[in-house]
Amino acid sequence: MKAEVSITINGIAYSRTIPIRMLLVDFIRYEAGLTGTHVGCTFEGVCGACTVHLDGDAIKACLMLAVQADGRSVTTVEGLAKGNELHPLQVAFNQHHALQCGFCTSGMLMSSLDLIEKNPELSEETVRHGLVGNICRCAGYANIVDAILDVAQERGS
Amino acid sequence: MSGSNNKLKDKQADGIGARLPRKEDIPILRGEGHYFSDIAVERQLHVMFLRSVHSHARILSIDTSAASQMPGVVAVVTGAMLQDEILALPQASTSAGLPGRLPTFWPLAVDKVKFHGEPVAAVVAETPYLAEDALEGITVEYEPLPYVGDMEAALEPSSPLVHEDWKDNEIFRSNYQALRTADEHAAHIKEARRRIAEAPFVVKQRFRTHRCGVTALEPRGALAVWDNRDGLTIWMTTQRPHAQRACFADVLQLPLSKVRVITPRNQGGGFGMKASVYREPLLVAHLARCLRRPVRWLETREENLMSAGQERDQIHDLELAADAEGNLVALADRIVADAGDACLGGSWAFPIANVGGLRLPNAYEIPFCDIELRVAVTNKAALCGARGLGIYPGRFALERAIDMLSWKIGMEPAEFRRKNFITTFPARLSTGLGYSNGDFLKTFDRLIETVDIAAFRERQKEAWSQGRFLGLGIAVGAEVSGVDSLSYVSMMGTPSYASVEVRVDPEGHVQIFYGDGPSGQGEETTIAQVVAEELGIDSENVSIIVGDTQTSTFAPGTVASRGAAMVLPSVAMACRSLKKKIVRVLAHDVAIAADEDDFIFADGYVMHRGNSNIRLSFAELAFRIVMKPINLPPGDSGGLDERATFESTRGNICFGAHAAFLEVWPETGRVKIERYVTSDDAGVVVNPLIVEGQIQGGVVQGISNFFFEEYVYDNQGQQMTSTLEAYKIATAADVPRIEMYHDAGTPNPTNPLGTRGIGEGCIAPVPGALGNAISDALRPLGIEITDLPVRPPTLFRQIDASRQRKQQAS
Ligand code: FES
Ligand code: FES
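Chains as they are written, first to last, in our numbering: chain A, 355 to 511; chain B, 362 to 1171.
Since the hints were derived computationally from the structure, they do not count as laboratory data.
On a predicted model such as this, the values are computed, not experimentally measured, just so you know.
A portion of the hints provided could be inaccurate.
Stated by the list, open to error - Below, a list of computed lysine to any residue pairs in the SDA-like style, where the Cα atoms sit at most 25 Å apart:
1) Lys1089/B - His483/A
2) Lys436/A - Pro382/B
3) Lys1033/B - Lys356/A
4) Lys1089/B - Asp500/A
5) Lys436/A - Ile387/B
6) Lys356/A - Gly433/B
7) Lys472/A - Ala1094/B
8) Lys356/A - Glu497/B
9) Lys356/A - Tyr490/B
10) Lys436/A - Ala1094/B
11) Lys780/B - Ala815/B
12) Lys436/A - Arg567/B
13) Lys356/A - Asn536/B
14) Lys1089/B - Val486/A
15) Lys1033/B - Val486/A
16) Lys356/A - Leu496/B
17) Lys1033/B - Phe984/B
18) Lys1089/B - Leu417/A
19) Lys356/A - Glu403/B
20) Lys436/A - Glu901/B
21) Lys1089/B - Glu398/A
22) Lys1089/B - Thr396/A
23) Lys436/A - Thr1092/B
24) Lys356/A - Pro489/B
25) Lys1089/B - Glu478/A
26) Lys1033/B - His483/A
27) Lys472/A - Arg864/B
28) Lys551/B - Arg567/B
29) Lys1033/B - Glu478/A
30) Lys356/A - Glu493/B
31) Lys565/B - Ala685/B
32) Lys356/A - Ala401/B
Bound-form chain B, shown alone (with noise of 0.2 Å):
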């Protein structure tokens, strides 16, 4: 670079891959976020919800007159009342891809109650107090009915019926036929099953995981004003604004164009949780048309315990095979799974399950699988999207079956993995997932690197002769990085681009305009390093409008570890474009002919690399176009403001390996994890206090899952855990502190940027690694972990019940 001002640097400081610690950071720490509940309106009314009783009750009667007359009281609504007035779910906006039935229902039950705390009917009133305190002068009066729970008895002819429009209670069924013709895929499984039948090692084993999920610690909560000339405005807590809007529109039969989500400058997370269409926003804004008056509803954690983010309980029927030297031959799979009731818009339960199936095959070259996946209704809260989606279960059973079969040969399970990764791109799984690209062995032996599992084998031995059991468990996931729309229409029913705007003010300050709707992944933080980094400004001069759909065209939500992988491109995108233009201008006015390669953008100026006379700040630059469009370049107008969108290519995935050390007490059960390790493909890193914050986050709320947290329903369908204190959430005392290397990562070729989302992935490996330790601590006592959560009573029954079992054959 001759002639160059040595001032500019060509890497921006606070660019891509920077440690910046985030800007939203310190008006959150000053306590000035602004979160759901921080907003109010005036002559807002409040809505309290009258929740079911019973799992699965007729409704023989409601009587609301008490209710209505008590203090400050607005209205009192039921089911019965609203189904002449707005439309139930499903509708077109939030139908699901996949064939599977979609059930019907409005924001209070109607006739029927299908689980403990479905909303039966809801008061408004003056204060969130006086609206509580009407809920008591609601009488209704029920017919129990037998409670449908077990999800393999709720699939039998003789069960009861959840809704009894079907004719069972079988919601969808999948058999991953993928492109085969029925013919090929008969053909595919018989084949599948004779290599199963004459494999000198298989694993059969049933794997059981329990309902439980990522509950945010911020509950949700809905806020509507209704305008005649406007429509309705919504605040309310999302991962999906626009998905919202859609569905409020034809629920209530009103043009988008006159319903407007917006979700606060701050959520106190998601995970999943908040992605899904509940009935209550629905009411709360139905009301605010009736009532003329705004209306809030602030859901108690009860409220959330018990209808909202419940995930994970499925059954395998798994058998893995393998040849004599280790080749994994042939995969089969009976997967049934809870729906719950169904009734969650835009997810409707099974798609979630189905994610399981699809991707159980994991980073293995599988050639054969035979996988079926039943899932049924049951009279429980609906299955919810959680972090992971779909996937927690398959991990656990595969990752267990991998482990069981390695040892079943006689081979280190990491040889074995090791044996059968994945090795060429772009890759298909016999389920019909591409993957495109990535390494997962370079990934892989740096996790191996670090663990040294010779020194460890020693180790463990020595400690086996003393009494004590350590073990060592590895897992892996080659897990989801952004949906390409062509996978999400046909999943979801909605497409998956990621678009944003990029406006240039004449200052030179950044704003991004985009529509989804995050909830403390950092975005405000990396999305500025990615302007920073493209345009050579500092990235304090970025600020980012988000998750208000009249400010944003369509966007599919804050899913799928899309904002690495999708949103950050789109924004690279964008601001090349404006790179151009710039260029462009700069070289007409001093008369020279240039492209942007000649031109560095650094510190805040765009110079020509050649001559360092043409020189000119950024800013300058801006107000020259924006605020003084005369003598442009031929075909170019005035203004500094781009839109981009990204459509991601098939099969995008981020490959992560963990490794988990532990110890187990015998004499109690006590699981203590001494060492977790993990090696990830981020791809190119665009933040690495950001990346390293998702897994350790995500890897803990795994653990959380496999230790403590479980939704129970007794034998009667009565939820036993709405409050925090019976869904035990891991605390800072139960978990250990995760190790995390990430330099192993493989630059991601299908976008922009290089970059892959870890966020919704990160938590999959976990049961796997968690089980496979604590089994390999166990192997002296034969004990293989096939049941979750895991807990202490059980631990130690199973390793008693061994012990004597060992005592008396000797």
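One chain only, chain A, in its complex shape (with noise of 0.2 Å):
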């Protein structure tokens, strides 16, 4: 069965007919052509290297169905630089070295920007429980809490 569908990632609308049983995140890398987000689990919600935001919220687009985010907005770590400014965030991973093989990254970065947003104080200890829902293979995890402790206390000062 399909259905239409128009989602607006990172400001332009893509208007498709899809199976509706397509998850949105094949949406958002075969049909949008957004491959920065990965897929690292069966679709199973565990690895975080899926997320993405819908409407200002940080999500798991292996979790969903694209037909669910018709007419919604999606944004993806394509999203965060501004032409040639990358975010914060992402100058932060790059100095603190977060990233080894980086396929955890976009999920790491689009996470930490949902955190950073969303509490004024963030601590050690409340940064690594905002990311149980992303597993990095590589980096030990020190690097990624500092970049985004780092981009926090800026942000707060």
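Combine both chains into one complex, guided by the hints.
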């Protein structure tokens, strides 16, 4: 069965006719061609590599059908930088060596943005707990935590 | 330096030693990385695998007729169909160097299935969704066979056979005779036994480690395209593109020149999981050739957890003996390892287990060893390399035994270790393994300096008196740092040198070509730093082309910590040859006699040390030599490129010492790591940021293995952990921050940069440090950690039982 949807991703509306069982993450990757959003588990919602923002909230794009996002607005990792200007989180991840293979990174960025935007006060403890939905297999988390705290502090000051 | 232009520095700011943020990060951070799943070609088809629901069963029939009729389905294949079309493994390209048995297998099961999750049939369809639908249309009739799941029972003569053309389930056995004759070895063993029998202090203990590994966040994948003229082009996730290529060529009976393997620019982690030759890509390549259409397979997480990346389950019956002064005198160990079905091209499971026995004596002077390893095949997924290849179990067992023995003697374990470290190099273990150089004491003492054992013991005593259990555990590892070809050929069957090509274009931009398949190690940055250092140019002006068999000569792959230890030295060697040529041309042009020591390469210029008027930009010189190759010095020709091959000497190692401080809650069995410190001898550090990243990540993986991860098979061989929900990997909230020191490093004299590779081995001391710390905390209760994983419920039961025993006794 097919359905017509229009999903806005990073400000651009993508209108497509798609099978109703298509996952949002597949819509983002294969219909919109935005491959920065990754898939690290079999749609069980554990790894967090597919994290995007839906109307301003971090969600796992593998746990939703594309039809459920019809008429709504998605932000992916590609929407973080403004042209050549990187988002402060992107800069901090680079400075702190918060990525190795980088496969978790898009999801980490989108989750940490959510954390920073919704929590005025962040500590190492709260950041670590805020990231339990995102697995990083390479980096051991410490540098990711530091990068996020750096940006959070910058914002707070 | 008289008359020098003081704008030129001797040290390139982004050269060796700089904490340079990585060059590769920015595209990834923008979501513009280029991973396997981001690659697509026109008209591609998609494969999905039907996998065995049994751990061990005969295939009576497979009916694919319904599936073939389903929408979008292009082909349905089974093992029986493949038998006449391609060759089975093993083939020459993927044999092991060691004398073990190699099971025969095809990409799809033939006659019987040997583990839960083995591919049985495959559907090729227009979309992955349709391929998956059609799997339901395949009917397989099985006759279940008894599950062979216990590695010790599998070695009994009465055990059912996993591979029916074998007489038993033993795939490999070794007694680590080293270079001793049979008689010498018998005498050696006798002496080891005598020493153990007569020693005043002996620990005899069984240790058990569990099946876990370091599965990468990105699963596997392969995309094959057939072209009548060029043959096969395959994009795939792999650490070893050249090894894969040789295997495709063998199995599909193509010349090597008709197979091109390309690793995507970015790979989402490897850790050994992407180092072997697996079934699925072989089938993908075959199908692309048959169907004359591109064929793509993207693994699901479930498939990955069922069939790839499982290591570490071993049993050690270990005896360790010391004399009255606290010197180690002998070690004996009976090791059993579980190879699963061992159907894994290029590694065949047993060489992995073999490494554990070979390296077992670790950093210690133990003159006599009686070590025997037996490796059993079982109905589980093949044992597969995982970071710390083969040694996680052995390090756990020996480091634990060292602690147990120290307390028996009444010595602080750190002191006992210091007393028994190897101090003269080159050294040779009784297993035959050599260590070329290092300084264990120096690196170890750096750790001890930071941990203040005496102060901790005070705190611990105080805590015990209040019913709290604090522990300190120390463990070390002398780990692999690149492997020489002689060792690698004899173990894995392929050479191990590092070979790179350095090309300079007329604008002075440098490209490095080499054939490994990295997956996040930061090679783009460290290679650029080495070039920056050697040629005095900005690291921005260096790029790498890697992982493509078409643009590189043979390379063994991103394995065994080769990057810093072997690839970087070969880059330096090539740059040094280029410098010689540049200086020859420059000296010739200005008509002076000079050699490269007379010139300084820095800040993008080449300048004479004694005469700053002789100064040209690197780019000008590159243009001169590449595009204006006239009036060159006699013997020189145009062009500025160089290939260099670095062959490692034997026995290069990277030593690390870890200390874990933790608390155990007796009411729940919960363990909290309070502080985790490492001191590593990483040799000359090219980029501290990257070295620290490797250690931080490696230690956390080790912690995750120790407490959380486990591939569980039930008593019928059903794999119970095929989701990340069940196969639990540590999250940010589960692990501490690792405190790292690498300033007690000793330059490695066996390569031109003095570097060592740290990636592979930094995980190895973790299980010993944690096991020792928990046991230390629980010393008043007499609990020794001997089995992994350590989980709160089991620990609680141990604590509870011990307390009850104590109560009954009093
Ligand atoms: S792919 Fe969505 S959570 Fe793993
Ligand atoms: S950087 Fe590889 S998974 Fe996080």
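Going down the list of hints, with the structure as the test:
Restraint check: the Cα-Cα separation between Lys1089/B and His483/A comes to about 16 Å, which is no more than 25 Å; the hinted pair holds. Between the alpha carbons of Lys436/A and Pro382/B the distance comes to roughly 21 Å, so the proposed pair stays at or under 25 Å and holds. Between the alpha carbons of Lys1033/B and Lys356/A the distance comes to roughly 51 Å, so the proposed pair goes past 25 Å and is violated. At most 25 Å may separate the alpha-carbon atoms for a hinted pair to count; Lys1089/B and Asp500/A meet this at roughly 24 Å.
Only pairs whose Cα atoms come within 25 Å are accepted, and Lys436/A paired with Ile387/B is accepted, the gap being roughly 14 Å. This hinted pair checks out: Lys356/A and Gly433/B have alpha carbons roughly 16 Å apart, not beyond 25 Å. Using a Cα cut-off of 25 Å, the hinted pair Lys472/A and Ala1094/B holds, with the two alpha carbons roughly 19 Å apart. Distance restraint check for Lys356/A and Glu497/B: the Cα-Cα separation of roughly 21 Å lies within the 25 Å cut-off, and the hinted pair is therefore satisfied.
Among the hinted pairs, Lys356/A with Tyr490/B is consistent with the structure: their alpha-carbon atoms are about 14 Å apart, no more than 25 Å. Restraint check: the Cα-Cα separation between Lys436/A and Ala1094/B comes to about 32 Å, which exceeds 25 Å; the hinted pair is violated. The straight-line distance between the Cα atoms of Lys780/B and Ala815/B is roughly 18 Å, inside the 25 Å bound, and the hint therefore holds. Of the supplied pair hints, the one linking Lys436/A and Arg567/B is violated, its CA atoms being roughly 59 Å apart against a limit of 25 Å.
A hinted pair counts as satisfied when its Cα atoms are at most 25 Å apart, and Lys356/A with Asn536/B does not qualify at roughly 64 Å. As the CA atoms of Lys1089/B and Val486/A are separated by approximately 12 Å, the hinted pair is consistent with the 25 Å bound. Restraint check for Lys1033/B and Val486/A: satisfied, since their Cα atoms lie roughly 17 Å apart, inside the 25 Å limit. Between Lys356/A and Leu496/B, the direct Cα distance comes to roughly 22 Å. Compliance with the 25 Å bound is thereby established for this hinted pair.
Of the supplied pair hints, the one linking Lys1033/B and Phe984/B is violated, its CA atoms being roughly 61 Å apart against a limit of 25 Å. Between Lys1089/B and Leu417/A the CA atoms are separated by roughly 19 Å; this keeps the pair inside 25 Å, and the hint holds. Simply put, Lys356/A and Glu403/B have alpha-carbon atoms about 23 Å apart, close enough for the 25 Å limit, and the pair holds. Among the hinted pairs, Lys436/A with Glu901/B is consistent with the structure: their alpha-carbon atoms are about 23 Å apart, no more than 25 Å.
The hinted pair formed by Lys1089/B and Glu398/A meets the criterion: a straight-line CA distance of about 13 Å does not exceed 25 Å. A distance of roughly 14 Å separates the Cα atoms of Lys1089/B and Thr396/A; the hinted pair therefore holds under the 25 Å criterion. Taken as a hint, the Lys436/A and Thr1092/B pair is broken in the structure, with Cα atoms around 30 Å apart against an allowance of 25 Å. Proposed proximity of Lys356/A and Pro489/B is supported: the alpha carbons are some 16 Å apart, at most 25 Å.
Distance check on the hinted pair: Lys1089/B and Glu478/A sit about 22 Å apart at the alpha-carbon level, within 25 Å; holds. Using a Cα cut-off of 25 Å, the hinted pair Lys1033/B and His483/A holds, with the two alpha carbons roughly 15 Å apart. Straight-line distance between C-alpha atoms of Lys472/A and Arg864/B comes to about 50 Å, which puts the hinted pair past the 25 Å bound. Between Lys551/B and Arg567/B the alpha-carbon distance is near 21 Å, which keeps this suggested pair within the 25 Å criterion.
Only pairs whose Cα atoms come within 25 Å are accepted, and Lys1033/B paired with Glu478/A is accepted, the gap being roughly 16 Å. Proposed proximity of Lys356/A and Glu493/B is supported: the alpha carbons are some 18 Å apart, at most 25 Å. Pair hint Lys565/B plus Ala685/B holds up; C-alpha atoms about 17 Å apart against a cutoff of 25 Å. Note on Lys356/A and Ala401/B: the hinted pairing holds, with a Cα-Cα distance of about 23 Å set against a maximum of 25 Å.
Taken one by one, the earlier hints fail for this structure at numbers 3, 10, 12, 13, 17, 23 and 27, listed in ascending order.
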